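Enquirer: Build the full structure now, drawing on both the sequences and the hints.
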Amino acid sequence: MVLPIWIGTPEANAIALELEGVKPQRPFTHDLIKNILKGVNLCVLKVIINKIENDTFYATIVLEKDGELFEVDARPSDSIAIALRMKVPIYVEEEVMKKSGTSIELDNEIKKKALKEYLKNMDLEDFGKYKF
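With full-length UniProt numbering applied, the sequence shown corresponds to residues 1 to 132, in that order.
To be clear, the hints were calculated from the coordinates, so they are not data collected in a lab. There may be inaccurate statements among the hints.
Said to hold, decoys possible - Result set (DSBU-like, lysine-lysine): computed pairs, CA atoms no more than 30 angstroms apart in a straight line:
| id | residue 1 | residue 2 |
| --- | --- | --- |
| 1 | Lys38 | Lys87 |
| 2 | Lys87 | Lys51 |
| 3 | Lys113 | Lys87 |
| 4 | Lys51 | Lys65 |
| 5 | Lys23 | Lys120 |
| 6 | Lys99 | Lys87 |
| 7 | Lys120 | Lys51 |
| 8 | Lys113 | Lys46 |
| 9 | Lys23 | Lys65 |
| 10 | Lys98 | Lys120 |
| 11 | Lys34 | Lys87 |
| 12 | Lys23 | Lys46 |
| 13 | Lys112 | Lys51 |
| 14 | Lys34 | Lys46 |
| 15 | Lys23 | Lys113 |
| 16 | Lys65 | Lys34 |
| 17 | Lys51 | Lys98 |
| 18 | Lys113 | Lys99 |
| 19 | Lys99 | Lys51 |
| 20 | Lys34 | Lys112 |
| 21 | Lys87 | Lys23 |
| 22 | Lys112 | Lys23 |
| 23 | Lys99 | Lys112 |
| 24 | Lys23 | Lys38 |
| 25 | Lys87 | Lys46 |
| 26 | Lys34 | Lys23 |
| 27 | Lys46 | Lys116 |
| 28 | Lys116 | Lys99 |
Said to hold, decoys possible - Label pairs and their in silico Cβ distance ranges:
| id | residue 1 | residue 2 | range |
| --- | --- | --- | --- |
| 29 | Glu68 | Met122 | 37 to 43 angstroms |
| 30 | Val2 | Glu71 | 23 to 29 angstroms |
| 31 | Val2 | Asp66 | 32 to 38 angstroms |
| 32 | Gln25 | Lys116 | 23 to 29 angstroms |
| 33 | Leu42 | Ala114 | 35 to 41 angstroms |
| 34 | Lys113 | Lys38 | 30 to 36 angstroms |
| 35 | Ile90 | Met122 | 17 to 23 angstroms |
Here the structure is a predicted model, which is why all the values come from computation and not from measurement. Ideal Cβ placement from N, Cα and C applies to all residues, glycine included.
Expert: Next comes the structure, spelled out in structure tokens:
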């Protein structure tokens, strides 16, 4: 199952740069957030995409400091970009997957490159009921 989430170009670029291992000369916003969190000893434990309402997805970043847990409401795109930088898991609530997840039939032999190509060539109509 995959969860298609419509995000803006800057957020998509932030995610893609991290996935590709590209290190910018100066920190971008999500790198800055990572540096601030580390600087104040806040540990990111996980990200949860926890709700969809009126075709808008919601997410929570779960933080920990000195044994105390904190939850911060955030856009899924920002949450994913931060989770990738902090190397923490990204979870999706089961109800969100039931409502908005979709199956993609892929041969087991398809490698990372082929999947990237598939996603790159998706058409807006592939997203079904979501209006853009």
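Enquirer: For which of the previously enumerated hints does the structure constitute a violation, in increasing order of number?
Expert: none
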